[in-house]
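Undergrad: Here the protein sequences line up with chains D and A, keeping their order.
Sequence positions in the first sequence follow the numbering used here and run 50 to 497.
Sequence positions in the second sequence follow the numbering used here and run 100 to 442.
The set of hints was computed from the structure by calculation and includes no laboratory data.
Values in this document were obtained by computation on a predicted structure and should not be read as measured data.
Using N, Cα and C, we set each Cβ at its ideal position, and we do this for glycine too.
Derived PhoX-like pairs (lysine-lysine); straight-line CA-CA distance at most 20 angstroms:
| hint | chain 1 | residue 1 | chain 2 | residue 2 |
| --- | --- | --- | --- | --- |
| 1 | D | K358 | D | K331 |
| 2 | D | K161 | A | K249 |
| 3 | D | K250 | D | K336 |
| 4 | D | K358 | D | K455 |
| 5 | D | K358 | D | K453 |
| 6 | D | K331 | D | K250 |
| 7 | A | K407 | D | K284 |
| 8 | A | K176 | D | K385 |
| 9 | D | K149 | D | K139 |
Non-contacting residues of chain A with respect to chain D, defined by C-beta distances greater than 12 angstroms in every case (computed):
| hint | residue |
| --- | --- |
| 10 | G276 |
| 11 | A296 |
| 12 | Q307 |
| 13 | D321 |
| 14 | P385 |
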Amino acid sequence: MSKTTLTRRGVLRTGAVAGAGVALPTIFTASSARAFTNAPTGGSVTLGFNVPQTGPYADEGADELRAYELAVEHLNGGGDGGMLNTFSSKALDGTGIMGKKVEYVTGDTQTKSDAARASAKSMIEKDGAIMITGGSSSGVAIAVQGLCQEAGVIFMAGLTHSNDTTGKDKKANGFRHFFNAYMSGAALAPVLAKMYGDDRKAYHLTADYTWGWTQEESIKAATEALGWETVNAVKTPLAQTDFSSYIAPVLNSGADVLVLNHYGGNMVNSLTNAVQFGLREKQVNGKNFEIVVPLYSRLMARGAGENVKGIFGSTNWHWSLQDAGSKAFVQSFGTKYGFPPSQAAHTCYVQTLLYADAVQRAGSFDPCAVGEALAGFEFDGLGNGPTLYRAEDHQCFKDVLVVKGKENPTSEFDLLEVVEVTPRAQVEYAPDHPMFAGGSLGACNPGA
Amino acid sequence: MDAITLQILNGLDKGSAYALIALGLTLIFGTLGVVNFAHGALFMIGAFCAVTLNRLLTLSHQVVDETRTDFLGNPLKVDVPYMHDLFGEVTGAAIIDWSVPLAILFSIPVMIAVGVIMERGLIKHFYRRPHADQILVTFGLAIVLQEIIKQIFGANPIPTPAPDAFTGSFDFGVLLGFDPNAIIYPYWRLVYFAFAALIIGGVFAFLQFTTFGMVVRAGMADRETVGLLGINIDRRFTIMFGLAAAVAGLAGVMYAPINSPNYHMGMDFLVLSFVVVVVGGMGSLPGAVAAGFLLGILESFASMNEIKQILPGIDQIIIYLVAIIILLTRPRGLMGRKGVMED
Numbered sequence: 050m051s052k053t054t055l056t057r058r059g060v061l062r063t064g065a066v067a068g069a070g071v072a073l074p075t076i077f078t079a080s081s082a083r084a085f086t087n088a089p090t091g092g093s094v095t096l097g098f099n100v101p102q103t104g105p106y107a108d109e110g111a112d113e114l115r116a117y118e119l120a121v122e123h124l125n126g127g128g129d130g131g132m133l134n135t136f137s138s139k140a141l142d143g144t145g146i147m148g149k150k151v152e153y154v155t156g157d158t159q160t161k162s163d164a165a166r167a168s169a170k171s172m173i174e175k176d177g178a179i180m181i182t183g184g185s186s187s188g189v190a191i192a193v194q195g196l197c198q199e200a201g202v203i204f205m206a207g208l209t210h211s212n213d214t215t216g217k218d219k220k221a222n223g224f225r226h227f228f229n230a231y232m233s234g235a236a237l238a239p240v241l242a243k244m245y246g247d248d249r250k251a252y253h254l255t256a257d258y259t260w261g262w263t264q265e266e267s268i269k270a271a272t273e274a275l276g277w278e279t280v281n282a283v284k285t286p287l288a289q290t291d292f293s294s295y296i297a298p299v300l301n302s303g304a305d306v307l308v309l310n311h312y313g314g315n316m317v318n319s320l321t322n323a324v325q326f327g328l329r330e331k332q333v334n335g336k337n338f339e340i341v342v343p344l345y346s347r348l349m350a351r352g353a354g355e356n357v358k359g360i361f362g363s364t365n366w367h368w369s370l371q372d373a374g375s376k377a378f379v380q381s382f383g384t385k386y387g388f389p390p391s392q393a394a395h396t397c398y399v400q401t402l403l404y405a406d407a408v409q410r411a412g413s414f415d416p417c418a419v420g421e422a423l424a425g426f427e428f429d430g431l432g433n434g435p436t437l438y439r440a441e442d443h444q445c446f447k448d449v450l451v452v453k454g455k456e457n458p459t460s461e462f463d464l465l466e467v468v469e470v471t472p473r474a475q476v477e478y479a480p481d482h483p484m485f486a487g488g489s490l491g492a493c494n495p496g497a
Numbered sequence: 100m101d102a103i104t105l106q107i108l109n110g111l112d113k114g115s116a117y118a119l120i121a122l123g124l125t126l127i128f129g130t131l132g133v134v135n136f137a138h139g140a141l142f143m144i145g146a147f148c149a150v151t152l153n154r155l156l157t158l159s160h161q162v163v164d165e166t167r168t169d170f171l172g173n174p175l176k177v178d179v180p181y182m183h184d185l186f187g188e189v190t191g192a193a194i195i196d197w198s199v200p201l202a203i204l205f206s207i208p209v210m211i212a213v214g215v216i217m218e219r220g221l222i223k224h225f226y227r228r229p230h231a232d233q234i235l236v237t238f239g240l241a242i243v244l245q246e247i248i249k250q251i252f253g254a255n256p257i258p259t260p261a262p263d264a265f266t267g268s269f270d271f272g273v274l275l276g277f278d279p280n281a282i283i284y285p286y287w288r289l290v291y292f293a294f295a296a297l298i299i300g301g302v303f304a305f306l307q308f309t310t311f312g313m314v315v316r317a318g319m320a321d322r323e324t325v326g327l328l329g330i331n332i333d334r335r336f337t338i339m340f341g342l343a344a345a346v347a348g349l350a351g352v353m354y355a356p357i358n359s360p361n362y363h364m365g366m367d368f369l370v371l372s373f374v375v376v377v378v379g380g381m382g383s384l385p386g387a388v389a390a391g392f393l394l395g396i397l398e399s400f401a402s403m404n405e406i407k408q409i410l411p412g413i414d415q416i417i418i419y420l421v422a423i424i425i426l427l428t429r430p431r432g433l434m435g436r437k438g439v440m441e442d
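Bound conformation, chain D alone:
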């Protein structure tokens, strides 16, 4: 039996030599062009569209996917070009991205964080996706954003409204075009105060997860600043379907406004239950009882049917906007699919164009170069007016729409009407605002 002598110094020395040997090739190559994850080599580049194809937000995911397909078509020079024609940056010319044809793979987030991470990981590792985008939930967005940061690819968030996505969970590789809960509060509260007065008593029902918490906090802060009082704020489980036992206590709480911090199926059911319980016909404190749904989605308004009429909320974008960008997008989406796009479709389409444009301007697919091109980027012509991708937190700042359920819809898509376009200045906040504090972007990670 032989005896091996392993000393600490010996192991360290061998390790250091071996490490230097392995690192040598990258040290030399880095000086010319840094290596990064999934650097495209052939004539094409692959984007990864990670959307809910099954599960409760599957319809929203389907609309996101339509938008992505349209964006790819436009980037490759197909169709009528859509918002490429109205986009203030003219770097893209319909020949793909940096001359490479755009291809895509899709993944199914199932609106579950672990499934979303697994599908993103598979698209990065197996399919060579250079960028991941999509999703319809903040829980998923934060999980996938973290994964992309580790893997060294850019994440262009889809529909995610929690403050945390660009707050305490922000990442250098992650970018959000969609607005957030703080902005909803800042835009909505003045309109609510104008419509319903400033001495209201509000009762919140809140979906019990990251998005619900930050929205409740934001709406409470914004309405209380204008004189409203918050009577109670009750968390409801995400899996809840019948909200009657949560609605019943509202009736005798002294509140005269019910704020539903719910999304998707939760929103449809809680709003339907609230209307069934006659809240909207009720008089409390000598005022008409009112219901507010701070984050509206047309796809969900459809589920709630008649019940959304006259109810205020906010939205990132609406197809009835009359600026050149929105009109171009609605025209090409509507012609291709036969119905107008949702706000989820809009943000996903825009995110794809913004990514492609940033690559083109940076002259590289390197995530750090792309991130630099996006950070602090000012643009216009994509449907929300002049917009800034703020460098400090990778959040887009733009006008916010306050909307109301339409009283006399002319079609099944015509459910919301824009009440006010709240100017960007009114929804801006400092990067170190307490609602967004606690995280840091960190350094960008090119991977490889």
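Chain D is fixed; fit chain A onto it per the hints.
TA: Frame of chain D; chain A shown alone:
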């Protein structure tokens, strides 16, 4: 006091859905000895019968309205339901408005057919297999059914309103001597409760007062002896499966206006209904009904803010907590019979 009355109403309402589903589950378990995890899916299919009839009644053709434009600026195509062409605008609109009550008639044959096909096509092959196999196959079936529904109707909830006459709410408190506006309760939920009571009464009467029911009860008590007497108990049990499916389906049809139907609504009810059956006592019909109402009311009370302030999160676990306590003190459930699931 008015808050408590309101929660009792809520509990009765929730309880009636639990009781109806648990009743069907118990019927199937008691007669066929099968633990049917696809029962929630039958409830869901019932709700989609209401959606389907609504869709059928609103089948439309498009008429171009030159005076208005659509979102692309083209002349607006207005949908005109065939019902309006057939019966005139007023009657046609009324028929569409009453689609949910009409769906009751529509769903009974559909649900009985679904139940019989399920029993003859799949479940009868699992009679002699262990309960674990039955649970696996019926659970798998539930997933298949729910995916089929999602494929056809999409993932979002589909609004299926009650007739206009029953939308809105009514001042229940005044009836009980409270101040006006103290207890407002939705009409349709009261209708649901009354409907559930009617169905439950009907099933009990059927089992109690008809010869068919007597044979089924005898079969539930001692299948072998009934078989030895020369009675074809299998055929009757198949019919009972269809009947149980119809009960679950009717519960679903009437539930559609309360919460817009979606493909996973069956699963939401399934687990709770099983707890109801176990608490009530496996195989006991009155037990299932009593436990359904009891747990519905307890759940409603537990979600009162006053109680949640003392015990946060109690509303989520109350049903399971009560189930544990009852099973510890009465292992066969509230009204369980000796010998059921004990061999």
